[in-house]
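Chains C and W, in that order, are what the protein sequence lines are. This note's numbering applies: residue 1 is where the first sequence begins, and numbers increase by one. This note's numbering applies: residue 123 is where the second sequence begins, and numbers increase by one.
Treat the hints with care, as some may be off.
Derived BS3-like pairs: lysine-lysine, alpha-carbon spacing no greater than 27 Å straight-line [as the list claims (entries may be wrong)]:
#: 1; chain 1: W; residue 1: 296; chain 2: W; residue 2: 354
#: 2; chain 1: W; residue 1: 314; chain 2: W; residue 2: 297
#: 3; chain 1: C; residue 1: 29; chain 2: W; residue 2: 229
#: 4; chain 1: W; residue 1: 149; chain 2: W; residue 2: 442
#: 5; chain 1: W; residue 1: 149; chain 2: C; residue 2: 21
#: 6; chain 1: W; residue 1: 314; chain 2: W; residue 2: 354
#: 7; chain 1: C; residue 1: 29; chain 2: W; residue 2: 336
#: 8; chain 1: C; residue 1: 59; chain 2: W; residue 2: 360
#: 9; chain 1: W; residue 1: 284; chain 2: C; residue 2: 26
#: 10; chain 1: W; residue 1: 368; chain 2: W; residue 2: 398
#: 11; chain 1: W; residue 1: 314; chain 2: W; residue 2: 230
#: 12; chain 1: W; residue 1: 297; chain 2: W; residue 2: 284
#: 13; chain 1: W; residue 1: 229; chain 2: C; residue 2: 21
#: 14; chain 1: C; residue 1: 21; chain 2: W; residue 2: 230
#: 15; chain 1: C; residue 1: 25; chain 2: W; residue 2: 296
#: 16; chain 1: C; residue 1: 26; chain 2: W; residue 2: 229
#: 17; chain 1: C; residue 1: 49; chain 2: W; residue 2: 230
#: 18; chain 1: C; residue 1: 25; chain 2: W; residue 2: 314
#: 19; chain 1: W; residue 1: 442; chain 2: C; residue 2: 21
#: 20; chain 1: C; residue 1: 25; chain 2: W; residue 2: 364
#: 21; chain 1: W; residue 1: 296; chain 2: W; residue 2: 284
#: 22; chain 1: W; residue 1: 360; chain 2: W; residue 2: 336
#: 23; chain 1: W; residue 1: 149; chain 2: C; residue 2: 26
If you are wondering where the hints come from, they were derived from the structure by calculation, not from laboratory data. This structure is a prediction, so every number in the text was calculated from the model and none was measured.
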Amino acid sequence: MERDDLIEYSLDAHHSEEHGKELRKKIWKVTLLLTVITAIEVALGAYIKQSSGMWIYVKWTFIALTVLKAGYIIMVFMHLGDERPWMRNVILLPYAGFILYLIFIALTEALAVGDAWSGVGL
Amino acid sequence: MAANTAELDFKTLWGGKESPFQTSYGKLMMWFFLVSDALTFSGLLVAYGFVRHNTQESWPIGEETFNSLPFLGHGYPLIYVALMTFILIVSSVTMVLAVEAGHRMDKKGVIQWMLATIIGGFFFLASQVWEWSHFIHGSQFGRIELMDGSEANVSGHFGELKNFTVLEGGTHHKKGDVITSDLMHTFQHAAKEGHIHEGGIIHLHDGSIAQVNKEHDHHLELIIKLINPDSKRNIGDKIEGKEAEKLYYASLYSGTPKVTYGAPWFEDGEHWLPTKNEYGPQQYAHFFFFITGFHGFHVFSGVLINILIFIGVIKGTYHKRGHYEMVEKTGLYWHFVDLVWVFVFTFFYLV
Numbered sequence: 001m002e003r004d005d006l007i008e009y010s011l012d013a014h015h016s017e018e019h020g021k022e023l024r025k026k027i028w029k030v031t032l033l034l035t036v037i038t039a040i041e042v043a044l045g046a047y048i049k050q051s052s053g054m055w056i057y058v059k060w061t062f063i064a065l066t067v068l069k070a071g072y073i074i075m076v077f078m079h080l081g082d083e084r085p086w087m088r089n090v091i092l093l094p095y096a097g098f099i100l101y102l103i104f105i106a107l108t109e110a111l112a113v114g115d116a117w118s119g120v121g122l
Numbered sequence: 123m124a125a126n127t128a129e130l131d132f133k134t135l136w137g138g139k140e141s142p143f144q145t146s147y148g149k150l151m152m153w154f155f156l157v158s159d160a161l162t163f164s165g166l167l168v169a170y171g172f173v174r175h176n177t178q179e180s181w182p183i184g185e186e187t188f189n190s191l192p193f194l195g196h197g198y199p200l201i202y203v204a205l206m207t208f209i210l211i212v213s214s215v216t217m218v219l220a221v222e223a224g225h226r227m228d229k230k231g232v233i234q235w236m237l238a239t240i241i242g243g244f245f246f247l248a249s250q251v252w253e254w255s256h257f258i259h260g261s262q263f264g265r266i267e268l269m270d271g272s273e274a275n276v277s278g279h280f281g282e283l284k285n286f287t288v289l290e291g292g293t294h295h296k297k298g299d300v301i302t303s304d305l306m307h308t309f310q311h312a313a314k315e316g317h318i319h320e321g322g323i324i325h326l327h328d329g330s331i332a333q334v335n336k337e338h339d340h341h342l343e344l345i346i347k348l349i350n351p352d353s354k355r356n357i358g359d360k361i362e363g364k365e366a367e368k369l370y371y372a373s374l375y376s377g378t379p380k381v382t383y384g385a386p387w388f389e390d391g392e393h394w395l396p397t398k399n400e401y402g403p404q405q406y407a408h409f410f411f412f413i414t415g416f417h418g419f420h421v422f423s424g425v426l427i428n429i430l431i432f433i434g435v436i437k438g439t440y441h442k443r444g445h446y447e448m449v450e451k452t453g454l455y456w457h458f459v460d461l462v463w464v465f466v467f468t469f470f471y472l473v
């Protein structure tokens, strides 16, 4: 029995053969990109020592590349890029706001605790 | 007032028919679940960051700690975990291809790509089993406390144990016996308790004393990880060759417990050993095993859910329904597992 008071959004996701071909091309492109990024990360990690002066830049490069990879996974693989803008915002914004604050407050506190410990000679 | 309400139509007021997000209930709920799960993982990783930032001890270095490959030994920094990451990325790709096939109602395509995803999931889990057992057992040299009180991680090629020749009999072994089984385990157990002495004399559990016959070590290197305030060494100092060998065996033969292997859980099956770990501070091991374990549990449940959906695909349940949204939903979960791994990879293995 068809009900006309419900919208079956699940059916909206269908697409044609040609469109599918395009999508697959995009998927393989992103795959290549993620693989290359991972390879760069491993090469940097293996060849640049943590004791070197370069390490601080390498560390931030890692974090930037990680966020980039995460962005591609969320937006392309998880199709969040294709959803309504407000659905995207409802999912990403509260999460990002909360986590950025948590990272800030936890690491600030951690450094203070570390200082306190080294002060008492532990 | 009445005139005002009459002007409002469906475009302005939500009448309960059209969803603001234009997405199905199930998919939206999957997203909400993923956000909450992401909060859990973020909490764990931030807690790890907290501990790492306030620790005074030197933290394990990724490329030194994760440098082994099955069958090939040491000297391959980050290669194994890169392989694990690649496996997970590829299985994520096969999943997104299954979702794409579902959008074209291509049942055969969905079956093919989901099967590949499930196989990829099993490969990842198996890789993690190897990695865990590798870290629980530790390296053949272990972490050594040198005679001046500083501690060092040891890398290199451990000379093969040939046999133990019994010099003095005990309750089990007789003089002249040649022991050839369980050598490494016996050796490490004795080393941990300080029961190996000058010249490779080992005191066994049954009271017998034996000579260790062992091939020569190669490329021995000590990396100082912890210093005694009185010692002249610095954290990160490297000692190689003959000098390294001399220092290592001087400690090993000192008659007191100086060496730690792997990430011990229980000693003698009853005593909790919370203080020592070959790879660095004990908190490091706690977080490593908990977070990779929690992630591994997600991979495991993801594989199970994928198998359930896979059965549904083969039976044609979703084809009859007219859409493959179930594949899309399990796909979301599977991609999320990959997403978490991207962060675990960075914060445990790289940074």
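We went through each hint and held it up to the structure:
1. 296/W x 354/W: violated (46 Å)
2. 314/W x 297/W: Distance of about 24 Å is within 27 Å: holds.
3. 29/C x 229/W: Roughly 24 Å between the alpha carbons, so the hint for residue 29/C and residue 229/W holds.
4. 149/W x 442/W: Holds. Residue 149/W to residue 442/W sits at ~19 Å (cutoff 27 Å).
5. 149/W x 21/C: At roughly 24 Å apart (the allowed maximum being 27 Å), residue 21/C and residue 149/W satisfy the hint.
6. 314/W x 354/W: Distance of about 26 Å is within 27 Å: holds.
7. 29/C x 336/W: violated (53 Å)
8. 59/C x 360/W: At roughly 23 Å apart (the allowed maximum being 27 Å), residue 360/W and residue 59/C satisfy the hint.
9. 284/W x 26/C: Outside the cut-off at roughly 57 Å; violated.
10. 368/W x 398/W: holds (23 Å)
11. 314/W x 230/W: violated (57 Å)
12. 297/W x 284/W: At roughly 18 Å apart (the allowed maximum being 27 Å), residue 284/W and residue 297/W satisfy the hint.
13. 229/W x 21/C: Distance ~16 Å between residue 229/W and residue 21/C Cα, so the pair holds.
14. 21/C x 230/W: holds (16 Å)
15. 25/C x 296/W: violated (72 Å)
16. 26/C x 229/W: holds (21 Å)
17. 49/C x 230/W: violated (48 Å)
18. 25/C x 314/W: Violated, because 57 Å separates the two Cα atoms, which is more than 27 Å.
19. 442/W x 21/C: holds (24 Å)
20. 25/C x 364/W: violated (57 Å)
21. 296/W x 284/W: Distance of about 18 Å is within 27 Å: holds.
22. 360/W x 336/W: holds (25 Å)
23. 149/W x 26/C: holds (23 Å)
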